[in-house]
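Here the protein sequences come in this chain order: A and B.
Numbering-wise (the numbering used here), the first sequence opens with residue 85 and increments by one.
Numbering-wise (the numbering used here), the second sequence opens with residue 1135 and increments by one.
Watch out, some of these pointers could steer you wrong.
Capping the alpha-carbon separation at 30 Å, the derived lysine-lysine pairs in BS3-like fashion look like this [what the hints assert, rightly or not]: (1) B/Lys1293 / A/Lys104; (2) A/Lys200 / B/Lys1243; (3) A/Lys119 / B/Lys1243; (4) A/Lys200 / A/Lys104; (5) B/Lys1293 / A/Lys186; (6) A/Lys128 / B/Lys1293; (7) A/Lys200 / B/Lys1271; (8) A/Lys186 / A/Lys196; (9) B/Lys1151 / B/Lys1183; (10) B/Lys1243 / A/Lys194; (11) A/Lys200 / B/Lys1423; (12) A/Lys186 / B/Lys1271; (13) A/Lys128 / A/Lys200; (14) B/Lys1439 / A/Lys194; (15) B/Lys1378 / B/Lys1423; (16) A/Lys104 / B/Lys1161; (17) B/Lys1243 / A/Lys196; (18) B/Lys1183 / A/Lys196.
DEER-style ranges, computed between Cβ atoms [stated by the list, open to error]: (19) B/Glu1417 / A/Glu102: 15 to 25 Å; (20) B/Gly1377 / A/Ser161: 19 to 29 Å; (21) B/Phe1400 / A/Tyr213: 19 to 29 Å; (22) A/Glu102 / B/Pro1273: 28 to 38 Å; (23) A/Lys194 / B/Ala1368: 40 to 50 Å; (24) A/Val166 / B/Asp1348: 52 to 62 Å.
Rather than coming from a laboratory, the hints here were simulated on the basis of the structure.
Backbone N, C-alpha and C fix where the C-beta goes; we use that ideal spot for every residue, glycine too.
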Amino acid sequence: MISEERVRRMFQLAVYDEHKRKKKKEKKTTQYYQKDYISMEMIKSFVYGTVAFLIMIGILGIYLMQKETEWLDTTRSIVGLVIVLAILYIAFIVAFLVLTYKVYSTRYAKEKLRLKEYQKILQEVNELYEEEDAGRTPDEWRDVE
Amino acid sequence: MMNPIELREHIREWYGKYDRYLNIGVKFLLALMSFLIINYNIGYMSELKHVYVALVLAVICAMLPTGMTIFLSAALVILHLYALSTEVAGMAAAMFIIMFLLYFRFEPKSGYYVVLTPLTFSCRIPYVMPIATGLVKEPHSIISVIFGTIVYYFLQGIKNNASLLSDTSVDGEDVNKLQVTFNQLFANKEMYLMLATVILAMIVVYHVRRMAIDHAWRIAIGAGVLTQFVILTAGYLIMGIKGKFLWLIVGSVLSWLISMLLEFLFFNLDYNRTERVQFEDDEYYYYVKAVPKVNLSSGEKKVQKIAGTEKED
């Protein structure tokens, strides 16, 4: 006999798996420890952010050079410029990394919650199996075998 | 006459049935529109300007994930601009790369709004975008609308200055070219006005629709349209931009209508798909097709008249 209760739960599990299969990224999430997952994303963000910053500075540099370059003729002003750029870069990258941390820790937490739910249903399915087995008559056992 | 709520349920049911094909169709149409508008407005590379190119690309986009539409649109823009001038193409490429690195790394799917926003601008109904995102999305998705707005004004500026920027002009004017390109990004007052409008409207819509009041969505839509209308009117008056009022009014009315349609389709409605999964246990294979429950019972058929003749024995 088909246990409807169990099939319903198994359906939920299958839906979860199906959705995960489609979104491969989410599947990855819970394969890592939280620490590893977030640090990996932060390293990625660091590289992305740095490249983006360099491009932005490049554009700004070309833009400024078009306008006027007179204030850029002494070494002192160049040193000043470098310091300003360094400060800007640090501020930018820190902000970007903090954002990354927030985004991905929330994502991890959400995914973990979903996984917990999944495991709960899995547990219930197992229990239902056991119940079914315990409730079988000897005749039914013979059929199964 | 069908009750509107019933009609909505029917649409939902219908969508649930054919969602696969509908999604492909929508993707195709969107990609096609995007490519055609790009070709029409900034089609500087004559080899790519063909309708067939747009058609083929759109077919490809329909089959592949949404990211492809965004990527191909960006590539098409860069190529067209490259035919116009290397500097402009470089600038556009840099712009797209920065957007990708900073935002779409987190939200790859939001990239769609960057394509949609310039499209709505071309159709004169950009006021829909902040309202739509405010209604159905989280606040941060405004960033992609902002990017879309920047892209539109940049390309519009390039189009308006195309003769200045084209490579056929004298070589000595290189410096001037870069200057013109930069001005489209940094010195475009109308763009800043539009950006401020979009952001404010989105904030207004988002907050109003979350209020615990009756008809929150409708009020949010009205507030969004009004906010944009007022800010833009004031802005145009202050900046002395003329000849935009007619389209502002028409666009606002159209945007309002479209937003109401969105409300009708999306308010409190979950487009659950029909799920098809298969799994097994020790005894059976299960092929499950789960159809979401329709909440409203459709009107019962009334028997008006019973036709037929009595048999006479």
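Hint check results:
At most 30 Å may separate the alpha-carbon atoms for a hinted pair to count; B/Lys1293 and A/Lys104 exceed this at roughly 44 Å. Straight-line distance between C-alpha atoms of A/Lys200 and B/Lys1243 comes to about 26 Å, which keeps the hinted pair within the 30 Å bound. Under the criterion of a C-alpha separation no larger than 30 Å, the hint pairing A/Lys119 with B/Lys1243 is consistent with the structure, at around 26 Å. Only pairs whose Cα atoms come within 30 Å are accepted, and A/Lys200 paired with A/Lys104 is accepted, the gap being roughly 14 Å.
For a cut-off of 30 Å, the pair hint linking B/Lys1293 to A/Lys186 is broken: about 40 Å separates their Cα positions. As the CA atoms of A/Lys128 and B/Lys1293 are separated by approximately 36 Å, the hinted pair breaks the 30 Å bound. For the hint linking A/Lys200 to B/Lys1271, the alpha-carbon distance of about 26 Å falls within 30 Å, and the restraint holds. As the CA atoms of A/Lys186 and A/Lys196 are separated by approximately 15 Å, the hinted pair is consistent with the 30 Å bound.
Straight-line distance between C-alpha atoms of B/Lys1151 and B/Lys1183 comes to about 37 Å, which puts the hinted pair past the 30 Å bound. The hinted pair formed by B/Lys1243 and A/Lys194 meets the criterion: a straight-line CA distance of about 18 Å does not exceed 30 Å. The hinted pair formed by A/Lys200 and B/Lys1423 meets the criterion: a straight-line CA distance of about 25 Å does not exceed 30 Å. Note on A/Lys186 and B/Lys1271: the hinted pairing holds, with a Cα-Cα distance of about 19 Å set against a maximum of 30 Å.
Restraint check for A/Lys128 and A/Lys200: satisfied, since their Cα atoms lie roughly 27 Å apart, inside the 30 Å limit. Restraint check for B/Lys1439 and A/Lys194: the C-alpha separation of about 58 Å exceeds 30 Å, so the hint is violated. A hinted pair counts as satisfied when its Cα atoms are at most 30 Å apart, and B/Lys1378 with B/Lys1423 does not qualify at roughly 53 Å. Straight-line distance between C-alpha atoms of A/Lys104 and B/Lys1161 comes to about 22 Å, which keeps the hinted pair within the 30 Å bound.
Between B/Lys1243 and A/Lys196 the CA atoms are separated by roughly 22 Å; this keeps the pair inside 30 Å, and the hint holds. Among the hinted pairs, B/Lys1183 with A/Lys196 is inconsistent with the structure: their alpha-carbon atoms are about 49 Å apart, more than 30 Å. Our hint of 15 to 25 Å for B/Glu1417 and A/Glu102 holds, since their Cβ atoms are close to 22 Å apart. Look at B/Gly1377 against A/Ser161: about 45 Å separates their beta carbons, and that is not inside 19 to 29 Å.
Take B/Phe1400 and A/Tyr213: their Cβ atoms lie about 41 Å apart, and the range 19 to 29 Å is violated. With their beta carbons about 30 Å apart, A/Glu102 and B/Pro1273 fall inside the hinted range of 28 to 38 Å. Separated by about 42 Å at the C-beta atoms, A/Lys194 and B/Ala1368 satisfy the suggested range of 40 to 50 Å. About 59 Å separates the C-beta atoms of A/Val166 and B/Asp1348, a value consistent with the hinted range of 52 to 62 Å.
Hints 1, 5, 6, 9, 14, 15, 18, 20 and 21 from the list above are not met by this structure, while the remaining hints are.
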